[in-house]
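S.K.: Sequence:
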Amino acid sequence: MILPIVKLMRLHYSVPVSCGLIAITMYLNAGRPFNSWPLILTACSALCSTISAAYILNDVIDISVDRINRPSRMISSGMVSCHNAAIWAILLFCVGLVVAALCGKWFFAGILIITAMLIYYDIFSKRIGLFKDVLCAALMTSLYPLSLTLVNVHSSPQAHSLFYSSVWLFLTCLSYQMYKDSGDSKGDVAAGPKSIAFYSSQKWFLSFARIIAIVASFLPLLIWMLGYCGTVFLITSIMAIVLAVISTRRQPYTGIMFIYAEIAAVSAGAVLDLLILAP
Numbered sequence: 590m591i592l593p594i595v596k597l598m599r600l601h602y603s604v605p606v607s608c609g610l611i612a613i614t615m616y617l618n619a620g621r622p623f624n625s626w627p628l629i630l631t632a633c634s635a636l637c638s639t640i641s642a643a644y645i646l647n648d649v650i651d652i653s654v655d656r657i658n659r660p661s662r663m664i665s666s667g668m669v670s671c672h673n674a675a676i677w678a679i680l681l682f683c684v685g686l687v688v689a690a691l692c693g694k695w696f697f698a699g700i701l702i703i704t705a706m707l708i709y710y711d712i713f714s715k716r717i718g719l720f721k722d723v724l725c726a727a728l729m730t731s732l733y734p735l736s737l738t739l740v741n742v743h744s745s746p747q748a749h750s751l752f753y754s755s756v757w758l759f760l761t762c763l764s765y766q767m768y769k770d771s772g773d774s775k776g777d778v779a780a781g782p783k784s785i786a787f788y789s790s791q792k793w794f795l796s797f798a799r800i801i802a803i804v805a806s807f808l809p810l811l812i813w814m815l816g817y818c819g820t821v822f823l824i825t826s827i828m829a830i831v832l833a834v835i836s837t838r839r840q841p842y843t844g845i846m847f848i849y850a851e852i853a854a855v856s857a858g859a860v861l862d863l864l865i866l867a868p
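Taking the numbering used here, the leading residue of the sequence shown gets 590, the next gets one more, and so forth.
Any given hint could turn out to be false.
Said to hold, decoys possible - Derived lysine-lysine pairs resembling DSSO-like cross-links, with alpha carbons at most 30 Å apart:
| no. | residue 1 | residue 2 |
| --- | --- | --- |
| 1 | Lys596 | Lys769 |
| 2 | Lys769 | Lys792 |
| 3 | Lys694 | Lys769 |
| 4 | Lys715 | Lys792 |
| 5 | Lys596 | Lys715 |
I should point out that these hints are in silico values taken from the structure, not numbers from a laboratory.
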């Protein structure tokens, strides 16, 4: 029972996304040492629990679509019942809020808002058309304002770079989600006429996603050109462009793997670059 639930939690997504708080807070603090590691790690745990809960709830609600697009998933395959999965989703949402309360009122408020938006997304994502992908990208980018509730901002080139990196993350996640929806269009039709499938099944949708991916991949290079980061980040910036270009030459399901690799590479490069350049 536990292993199928763990698979539903998508820890290979929820853990790296949650750890994004660490990278962003380090940049807000300009790479200076700070004594708030217990706070940051607790915040990451709260966010991870919340994201994992949202993944489980999404599978519960999208079971009819997943039987077409993802028949091997834990719920659509019958390995986990909707009832049990829903209980775990509620439990993890509650855990996320309780742990978030340990990180201060503003972080708790942020997690509360994100929880509400995730639940809205899970329930209505198949009925809000193109807004689905925009909302998904916005939820990912919410890491940035959420990080502001954890540390004080030190004016620095590193902190200034976060504006551009937030735009990069939004656009890259938008292209990622559009790639995914393009591949899922066959099953998404089952969600009704207002689903994203009305758009994602058309050729222009995937072409637009690829354009967004390419445009976004140049933003890390712009950050380096503005002098906000060093050589390590330059290397990963070039990698981002290469990975984005490769993604446009692949089918949607394969393309998202390269977009995922781009996000991982740029994030890792940003942290390594900061550690090397930190005062």
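S.K.: Look at each hint and say if it fits the structure.
M.R.: Outcome of the hint check:
1. Lys596 - Lys769: holds (19 Å)
2. Lys769 - Lys792: Answer holds: Lys769 to Lys792 is near 14 Å, not above 30 Å.
3. Lys694 - Lys769: It is violated: about 35 Å lies between the C-alpha atoms, which goes past 30 Å.
4. Lys715 - Lys792: holds (19 Å)
5. Lys596 - Lys715: holds (23 Å)
The structure shown violates just one earlier hint, number 3.
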